Structure formats: C-alpha cells, structure tokens
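Undergrad: The listed protein sequences derive, respectively, from chains X and U.
Take the first sequence: its position 108, counting from 1, is numbered 108 in my numbering, and each next residue is one higher.
Take the second sequence: its position 309, counting from 1, is numbered 309 in my numbering, and each next residue is one higher.
Hints listed in this document are in silico derivations from the structure and should not be mistaken for laboratory results.
Treat each hint with caution, since some may be false.
Same chains, same names: a pair is fine if it fits in one copy or spans any two.
Result set (DMTMM-like, lysine to aspartate or glutamate): computed pairs, CA atoms no more than 25 Å apart in a straight line [what the hints assert, rightly or not]:
id: 1; residue 1: Lys285; residue 2: Asp195
id: 2; residue 1: Lys285; residue 2: Asp305
id: 3; residue 1: Lys295; residue 2: Glu243
id: 4; residue 1: Lys7; residue 2: Glu283
id: 5; residue 1: Lys13; residue 2: Glu291
id: 6; residue 1: Lys182; residue 2: Glu202
id: 7; residue 1: Lys221; residue 2: Glu141
id: 8; residue 1: Lys113; residue 2: Glu244
id: 9; residue 1: Lys113; residue 2: Glu243
id: 10; residue 1: Lys13; residue 2: Asp305
id: 11; residue 1: Lys109; residue 2: Glu138
id: 12; residue 1: Lys352; residue 2: Glu320
id: 13; residue 1: Lys113; residue 2: Asp363
id: 14; residue 1: Lys109; residue 2: Glu137
id: 15; residue 1: Lys285; residue 2: Glu12
id: 16; residue 1: Lys113; residue 2: Glu74
id: 17; residue 1: Lys125; residue 2: Glu202
id: 18; residue 1: Lys113; residue 2: Glu134
Note that this is a predicted model, so its numbers are computed, not measured.
Protein chains: 2
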Amino acid sequence: MMESGIKFGYNEKGCQDFIRRIEGSRPIFVCVIATTETARIPGLSAAGAMPELTDYTPAADVELLFYGRCRCIEGVPVTPDGIPTPALITMSALRLSNIPYFVLNGGAKVLPKVPFFEVGGSPGKDIRSGCAVENSEEVYERSSIIGRQLSRAADYLVVGESIPGGTTTALAVLLAMGVDAKLKVSSSMPNNPHDLKLRVVEAAFEAAGISYGSLERAPFKAISLVGDPMMPAAAGLIAGAAEEVPVIMAGGTQMCAVLKLLQSISPEVLGNLAIGTTRWILEDKTSDIRELVSKVAPVPLLAADLDFSASKYRGLRAYELGVAKEGVGAGGASIAAMLSSRGTVTRASLLKDIEDSYSMLIDSASH
Amino acid sequence: MMESGIKFGYNEKGCQDFIRRIEGSRPIFVCVIATTETARIPGLSAAGAMPELTDYTPAADVELLFYGRCRCIEGVPVTPDGIPTPALITMSALRLSNIPYFVLNGGAKVLPKVPFFEVGGSPGKDIRSGCAVENSEEVYERSSIIGRQLSRAADYLVVGESIPGGTTTALAVLLAMGVDAKLKVSSSMPNNPHDLKLRVVEAAFEAAGISYGSLERAPFKAISLVGDPMMPAAAGLIAGAAEEVPVIMAGGTQMCAVLKLLQSISPEVLGNLAIGTTRWILEDKTSDIRELVSKVAPVPLLAADLDFSASKYRGLRAYELGVAKEGVGAGGASIAAMLSSRGTVTRASLLKDIEDSYSMLIDSASH
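All chains, please: the whole structure from these sequences, using the hints.
TA: Right, dumping it as structure tokens:
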C-alpha cells in the first residue's frame, strides 16, 4: 500500500529490497549546492530566468527549505517561463515528514543565508576551459567525513543537489569515463538542448585533451577537468555514509554521473545505494535514466509517483509538460517522506501541501 | 554504578534526574570554535605557547578529533609548559563511545582542514575596543537552526567549545549582565591571572561605555560589545536543540556566560540544560563554577571524575596541578561517553585510551 506512491524504474527486485530496508526508519536529508560558469552559457540551463541568475538558484533553493521563503532573491527561483523550483516539493516533503535536513556547500558563488557544511570547495569554472573544479579530492575526503558522522545518527541518508547546468557537466563526466550518455541526460526544459550540450562537452574535451572513455579509471581527473563542484561533495558524502547505511541518491541523470564516480572510487558501497527521482524524469522522452543506470551499475531506481495534472495552478501543471522535473532532491525527499511516515504522508497530502505553499508564495510575491 | 565516573557539582536532585533522562540514549557532540584578538593579550591564555598561536588552537583541536593528528600545526596544541590540549580527552571519549560529532565555526581566523558548519560568523576583536563581535543575532539564529535539525536526529546534544582567552570574555559578559563573576572564572593556567583579566574587562567597559549590570536585559549587545564569537553560536545551537531535547553544555566557567545569555534570550529552554565539566574545574581553588551556576540559573552541574594522578606521563599528571583543566568539551564528552555506552566506557578505559593517544602523539612528534 505505502509503495503506491513509488514507482520502480529499474531493478525491481532491488527496489523492493531497498524499500524493505528503509521503510519506517529515520533518514537525514542533505542538499549539496554548487554553481558553475558552465551554467551561464546561454540556452543551457533553465534554473534561472537569466544566465547570471543561476548563481543565486542554489542559495535561494535552500533558503526556501529553511525559511519557507528566499532571502537572497525576491520570490522563488523560476524557469524562464515562470515555473517554480522543485525545492517547493522538497520543502513540503521534509516538513510533512519532520525529516531533519542540512545543506552542504560544494562550491557556491552566492552563499545562502542558512547554516551549511563547508568542505573547502570553490565554484566551478566553464568546462570549456578544460579545468573545471579545484581541490576535488580534498572536498571528497571532507564530505566523506560528514557522511560517516551522519550515518551514526540516521538509519539512512537522502542526498539531493541543486546545481544549475548540472546535466551538461554530468554528460561530460559520463562520456569521459566511457559511459555513452549522448542524448540520455535530462534537462529542466521541455526541449532538451542536446546539441548545445554536446558542443559544450566537445569544446571541453578538446581544451582538456581528453576523449571518450579516456578517463575511465581517473574519476578525480574527470571531475577536475570537465565536472562540477557538486560531484566530489555528493560522492564523498554518499560514500562516507554508505559504508554503514543505505543512501538514496536523490536526483535525475546527474546522479548517474555521481554513481559512475562512486563505482570507480568506492565500489564497495554500491550495494547500499539507490537512485530516487521523480516520475517526470522516469517518463521523460528526451532523456533515458533507465539506460544510464543500467550502463553504470545495477542499483535500484525509484521514482516518486507525483502527478500535478489535476493541480489548480498552471505553474505546477507545467511539470506534466516536462518543465523542471527534478532538483533539490525533490523525488528522493518525497520517497523518504512517504516511507518514513508509515503512511501518513501520501501523494495526496504532498500535493495538497505543495499547492498550499505555492499559493502562499504567489500571494506574498503579488503584495 | 555507571555514575561512579560522574560527580555532582550543584543541584544534586537535578543531576540525578538529568542523568536518568539521558542514560543509555544517543547523543550528538558539537564543538563550537572561534578565535579573538583578546586572546593575544600577553599572559591571558595558555591555549598557545605564544599569543599568535592562539589563532591556530581551535583549528588544531578539531583536526585532532577527526584525524588523530593536527594538520594546521605540527604536533598538538600545548600550553607554554608543553602540556597537551584537553582535545585528547574528547578524542578518546568520542572514539570509545562512537558518538557522532561535528564542528561549528563561530568565527575562527584559521579555518580547520575538517568539515564544519558555517553560520556567517567572524573572528572576534580585542574587547578593549568595546566592539568585539559582528553579526551576533544572525549567528545565533543560524546556529539555532542547526540545533533544531540535530535535535531531530539525536536523543540529546553535547556542546563543547574551543576558544582561547574565553574566560576573559566570559567574565566581561557576566559582569555586563550583572553576575558578580569577579575571581570566579577559571583559567587554563594554574596561576589564574585574575588581575589582568579584570584590567582587560575594565578597559573594555570603558571603551564600550557600559558598567556592571548595565546590559542585564541586552544579551546580544553584551556579546557584540565585550563577548566573543563562540557565544552566539553556542547559545543558538543549544537553544535550538533544547526546544526538544536535553543538552549538556560541555565546558567550564565559559559555559556560565552562555547560560546567562540563554537565561535572557531563551529562558523557556533552561529546564533542558545541564553543565558538564571536569573534576579539575569543580575542584579548582582559583575559580568557583558552583557559585557562578547558582547565581545564573539552578541547572544541574555534572563533572567527569577524571583522575590523571597515577598516569605514567608528566604531561597528563600536570592536569592534577591545574593546567588546562577543560576545553573542547572534554568533561561533557566524557560524561556522555560513559552514560551512552551502558558501562563499557569507564574512567579506567578512558584513561587508558588517553594515555595511548598521548604516547602515540609524543612518538610521532619525536620522529
């Protein structure tokens, strides 16, 4: 019954086993934030109405989680069409289930006005420089310490991300490590700009002097040359926790890049991992998360069966048209909320709370 | 039986009740770090062999907790006589009991090479400027969010501190808020420099234009004018957690200043608080923590009954002569280790582990 709000995307048996392990137990949620200059390439990301705004999106997302409103910007992060951030979903999921949550700064240019874990990261450069991320091994190590400590205080972890432009850097890392991810990464826009992403990745590969698969055994080099600062932080956090407890990697195709990194850096933890995303990612025609997961490692792929088609708000119904889809761990947080609440948080109660938040934010923006 | 390692310093009934509430349950430990220019006043602090070194002490202390060695300095923090930091005690207590632990940066000039919570604080100025701490309300608010989140993942919190020169700023805040703390704050040196501390506080009061008791109802002003950056961070963290769970304020007379702030800012949480320190503070002839606690608020005062008099190492026996005494939450961490382990961590096993660590660190320093 409780699983009626959760779809199985890949490895059905693994999904069932994973759910059995975590059902009714107590998670901690962590959102890893970062920004890059890659996200400012026009047309690449919808995570800000204008490219410069992408620097504010992760900070604004996590401020929303803690305060129910943003402090570093007016209103909430929206796509160019005015569709609101999936942080709204995460906020409702965490609030309804009373799951404790934290922020980890992988390297954000605009720092949120909330408390966060600092691990010594910096904002990412444009990957077309061939030199994208500083200090990735140290960031991984320090993040793994956080994961290890949190795993002693929680039954499992849920790790989300907010990083604009993240599917392009995910594509670059997957290709550099020999995973054929062409046309398979998702987008926060209904028209996935695959051509543009590939051109950016090709320019990055040329600048870095690498080619398809040439960094298969060099995960940190892949991050440093063509990745983003979310990756070492999320990978370290997940690896540190998954030494002891299950971890839901809460995200879409970006988490496939993190999974590939973990398969290379820390393969012994794969048995404790699942990817948790949204139905909109699972059903997206412009990307293929199932194929990516199956190519990287056969971990369970879960999806929160959220449905906004009957919502009274256009901004939420737009999710059904392929806008936004996932982010800030929305899918994984929804899954954890339903599983940890022993049935009191449902698809219906989630939708109601999301609509209430949405209407409140619209009201406060119009005054 | 288990309580044989714990002494009751004040409010015996409260101590027994508090222990009953937390015995056998699962804490999280947080160490709040900060530095000030006050600590550089010659003769004030023993937390560094030379005044400039006090900037490194908090970072080195928490590096020791995570790595079993320091990274920002060679060796470990020592007093001018070469007596090692109480972080050694904390390290053993946390390791033996497997208690999860975190660091919160209240405002440290030298940042540790470990992960830590960031709350927007800055290092403290010399209080003789009459303008010691920036941003104290925001730091309090952000720290309270951390406390609230951690309280959902732990049965209780243990909050320690590492800030050189902290008893002088504690004296200043206590006097500003009308608590007669003269000759009552402790010192990390056997000869407590009370006269020097009072002269510094008098200069601070003159610069700030305040007098004894004039800030009784202005806790944030007391911090901002003559306090230190540990205070708003620790007070916020403790208040946020104590809304829901018990909190051990792990420290000596500095925690009495934090308690006074909490009594003013957030009196509704006092019933969830205890101070946890060491026997060396409780028995110190140059200070009077019992008197301070009784003047501020009748919370339970617990002390870890540690005894190094039979240690084979001079550096540890020196604790019996009044060197170091407390810091980095050593007393509170030891109490929590004994109570949470259901009897497997004892005074004896703690002493053995501390001696082992000490000998290992001496060995590695001499190679």
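Undergrad: Now tell me if each hint is right for this structure.
TA: To see whether the hints hold, each was checked on the structure:
Taking identical chains as interchangeable, the C-alpha atoms of Lys285 and Asp195 lie at most 25 Å apart only when both belong to the same chain, with a minimum of 16 Å there against 76 Å between chains. When the C-alpha separation of Lys285 and Asp305 is checked against a cutoff of 25 Å, the pair qualifies only within one copy, where the shortest distance is 17 Å, while the shortest distance between copies is 66 Å. Taking identical chains as interchangeable, the C-alpha atoms of Lys295 and Glu243 lie at most 25 Å apart only when both belong to the same chain, with a minimum of 23 Å there against 48 Å between chains. For a Cα distance limit of 25 Å, the shortest separation of Lys7 from Glu283 inside one copy, 11 Å, qualifies, whereas the shortest one across copies, 62 Å, does not.
Taking the closest pair of Cα atoms, Lys13 and Glu291 come within 25 Å of each other only inside a single copy of the chain (17 Å); across copies the shortest separation is 64 Å, beyond that limit. Taking the shortest Cα distances, Lys182 and Glu202 sit within 25 Å of each other inside one copy (12 Å), while across copies they are farther apart (70 Å). Taking CA atoms no more than 25 Å apart as the test, Lys221 paired with Glu141 passes inside one copy only; the shortest distance there is 15 Å, against 39 Å between copies. In the homo-oligomer, the alpha carbons of Lys113 and Glu244 lie at most 25 Å apart only across protomers (24 Å), although the nearest pairing inside one protomer, at 32 Å, exceeds that limit.
When the C-alpha separation of Lys113 and Glu243 is checked against a cutoff of 25 Å, the pair qualifies only between copies, where the shortest distance is 22 Å, while the shortest distance within a copy is 31 Å. Taking the shortest Cα distances, Lys13 and Asp305 sit within 25 Å of each other inside one copy (18 Å), while across copies they are farther apart (53 Å). With identical chains, the CA atoms of Lys109 and Glu138 are at most 25 Å apart both within one copy (19 Å) and between copies (20 Å). For the homomeric pair Lys352 and Glu320, the shortest alpha-carbon distance inside one copy (17 Å) is at most 25 Å, but the shortest distance between copies (62 Å) is not.
Proximity of Lys113 and Asp363 under a CA criterion of 25 Å is satisfied intra-copy only: 23 Å inside one chain copy versus 44 Å between copies. In the homo-oligomer, the alpha carbons of Lys109 and Glu137 lie at most 25 Å apart both inside one protomer (20 Å) and across protomers (24 Å), since each shortest distance falls under that limit. Proximity of Lys285 and Glu12 under a CA criterion of 25 Å is satisfied intra-copy only: 21 Å inside one chain copy versus 68 Å between copies. Only within a single protomer do Lys113 and Glu74 lie at most 25 Å apart by alpha-carbon distance; the minimum there is 14 Å, versus 35 Å between protomers.
In this assembly of identical chains, the alpha carbons of Lys125 and Glu202 lie at most 25 Å apart only when taken from the same copy (16 Å versus 51 Å across copies). Both within a single protomer and between protomers do Lys113 and Glu134 lie at most 25 Å apart by alpha-carbon distance, with minima of 24 Å and 15 Å respectively.
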